[in-house]
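Take a look at the letters that make up each chain.
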Amino acid sequence: MAQKVRVIHYINQFFGQVGGEEKADIAPFSKEGPIGPGMLLRHLLGEKGEVIATIVCGDTYFANNIEKAKKEVLQLLAPHKPDLILAGPAFNAGRYGIACGEVCKLAKEELGIETVTGMYPENPGVELCRREVYIIETGSSARNMTEAMAKMVQLGFKLAFKETIGQPQKEGFLPRGIRRNTISEDFGSERAIRALLAKIKGEPFSNEIKPPLFDQVRPAPPIKDLSHSIIALVTEGGLVPKGNPDHIESARATRYGVYSLEGLDRLDKERFESIHMGYDTTFVNEDPNRLVPVDVMREMEQEGVIGALHPYLYTTTGVATFVENSKKIGRDIAKTLKEAEVSGVILTST
Amino acid sequence: MLEKEIERVGIPAVLITALTPVAKMFGANRIAQGIGITNPVGNPKASPDEEKASRKRLVTAALQLLTEKIEEGILPTVGSNKIDL
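First to last, the sequence lines map onto chains A and B. Anchor point for the first sequence: position 308 equals 308 in the working numbering, and the numbering is continuous, going up by one each time. Anchor point for the second sequence: position 23 equals 23 in the working numbering, and the numbering is continuous, going up by one each time.
Just chain B, same shape as in the assembly (with noise of 0.2 Å):
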């Protein structure tokens, strides 16, 4: 709901959350698949150096797609399910 609002004024927004399949529901533009539901840019399992270049990857991708344009009705996706890291 937020990023939809926030794009509707003219702001690219991107929403990173593990739920993609529900943010595809509600119909956000931009999402990114998040790591974990508590933890949608962390991962805990990993050391600190890991999950943090892990999270700059992941904002990094989330940026990008800020810088796509993006066509109504096809909803990117960046990141996936399986986070190695």
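Only chain A is shown next, with the shape it has when bound in the complex (with noise of 0.2 Å):
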């Protein structure tokens, strides 16, 4: 008969029976077999699993010592070289699914052991750890407990006996963002006209890539008097001054720069050009002012149009760029802008 599957099972205070919230600050520590929804999970292995230790540590411990933690709740797993280690489920509890994660990330890694966590999709662990970690989806609450680690269960045999994980949605866990090649027994043309078709007929179909959602952002309110504004330039065109001297990437940007126009009627193609590699810059080299206005700007700063033009240039590359990337460079320049007390911004794009 098959050796039954070694689990170790990861949990906080509360489900480890220590206490509540103000137990939350407790060091992990090991116990041999399971505590508390333990009990159902050893239930749920039945013949095939057996819980062999649990392992406890306070939400907030791991949330502010992650290093520490991490490393505390490795020394504890390792020498019980199980086969596989369930943790959770966190429903929608932030502190506890970021632990679970970072346990189950951890083992991975550092052991090569597998893993399966649960969360609820809106749970702040979920980003951190859904392209490493497997996360079975779960409702926000331990209402769900039985039917959660049932999933977890049923998936975590499948890792264990290295079986092949079907797709997320029939394996109940949160799609991970990585692309699997399959074949497909029709051709992509015959798929996109059916699926339009159904479209149209306003019978449901599915996307094969999920396109990304993007926010609304509340409009700023307007400037109320343009005469008096401070207007700033923030170009993605990727213009640098010329050698780049802060080497600022052609495509994949992780930086923006920050360059002076002062003492600038206009941009001279002696001293600037552009590094993007998603257009062709002839034209820009040849004129920068074609990407960054600066030349009409100072026009109509003299003539009273605007109040002045913000002294500097906001720079980065907008060719291939992660959108976490974009994000961040927006969030800080956005926020050195609003230091500045600019009144408002012309962004040029290529």
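Hint data in this document are derived by calculation from the structure and do not stem from the laboratory. A hint or two may mislead.
[Unchecked claim] Per the computed footprint, the stretches of chain A lying under chain B, defined by three or more beta-carbons under 8 Å from a beta-carbon of chain B, are:
| hint | segment |
| --- | --- |
| 1 | 150-161 |
| 2 | 277-290 |
| 3 | 324-330 |
| 4 | 337-350 |
[To be verified] A short, non-exhaustive set of chain A residues, derived as facing chain B with CB atoms under 8 Å:
| hint | residue |
| --- | --- |
| 5 | I35 |
| 6 | M39 |
| 7 | Q216 |
| 8 | A220 |
| 9 | V234 |
| 10 | E236 |
| 11 | P293 |
| 12 | D295 |
| 13 | V296 |
| 14 | E301 |
| 15 | I306 |
| 16 | G307 |
| 17 | I333 |
| 18 | A334 |
Glycine included, each C-beta is placed from N, C-alpha and C at the ideal position.
Hints in hand, dock the two standalone chains.
Here it is, written out as structure tokens:
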């Protein structure tokens, strides 16, 4: 008869029956066998598996000491040499979700142990580890404990027995954003037409790739008096001083440059160039004002149309930029502009 | 993305790009039609004087958008796709 799958259960101080919030700062410890919901886990594992130990850690302790807690949990885990680690489920509890995610990531990376956790899709822990960790989708509260744990066990066994893991929707875990190629019986063109016809008829259809969702931002209040305003120029066309002294990337930018426009009536090609890899920069390199309109902005400053041109240009490269990086660059620039009390911005893009 | 992050802190920002459909898809609030992908505020086909004049017209229209109250969900776009300069 096959050996039982040896499972370690990771839970927090509450499920570990140590206490509530007041005990959320306890350091991790290990106990033989199942505790609390671990009893349900033992039941679900049946003859195929056993809970050899439970590791309990306070949610706050983990969140405040991530690196230390990870080391300590690793030391508690390793000697058992488990076949599988099940963490949580954490439902919508943020610190708990983060801890579960980190423990799973850690066990897989450092010890090569298969892991499964469970979280409500909005749990902050999801985004931190969804790529690396199998997260069973759960409801938002422990009312769904049985269902969540059953799915975790089912997926856990598949991993432990090295079976093929199917599509997220089928197995019940949150899509990890990993694209795996499979061969379809129909051509893409046939699938596309079928989907389009279904869509036109109002029948259900599904995208093969989920389009990204972009949030709406409330429009900022308008400038009341342009003639007294400070206008800043920002560009994602990769315009930098010649030689690119700060080595702004030509694609997949992670940074932006800040360059002084003081004393300049226009941008000249001797001093500026574009290092953007995503478009033909010939025209811009002949005349950088075609990308960043310093010349006309200065004129309008002198004419009193605007109060002043903000003395700094903010520049980055907008090609193949990771959405997360563009958001971060945007937030940093926005913060700087806010501190400088800029009234409005012209952003030029290629 | 940059336009939205700047608007998010309360500073009106107008995006000048030739790819206005992409800007709309991303949810930029204030969009002005750029002249070309490789030259959003330039027109290499025109003479230098004409080019500068058209740049000024476009930037003026863009600045105008900064002074307008934008209702959520309604995206005004200035400029037109046909640039006769």
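Each hint, compared with the structure:
1. 150-161: violated (count 0)
2. 277-290: holds (count 10)
3. 324-330: holds (count 4)
4. 337-350: holds (count 11)
5. I35: 45 Å, violated
6. M39: Violated, because the Cβ-Cβ distance from A:M39 to chain B comes to roughly 48 Å (cut-off 8 Å).
7. Q216: It holds, given that the least Cβ distance between A:Q216 and chain B is near 5 Å, below 8 Å.
8. A220: It holds, given that the least Cβ distance between A:A220 and chain B is near 4 Å, below 8 Å.
9. V234: 6 Å, holds
10. E236: With a minimum Cβ separation of about 6 Å from chain B (threshold 8 Å), the hint on A:E236 holds.
11. P293: 5 Å, holds
12. D295: 7 Å, holds
13. V296: 4 Å, holds
14. E301: 11 Å, violated
15. I306: 7 Å, holds
16. G307: Given a least distance of 11 Å, the restraint on A:G307 is violated.
17. I333: 7 Å, holds
18. A334: 4 Å, holds
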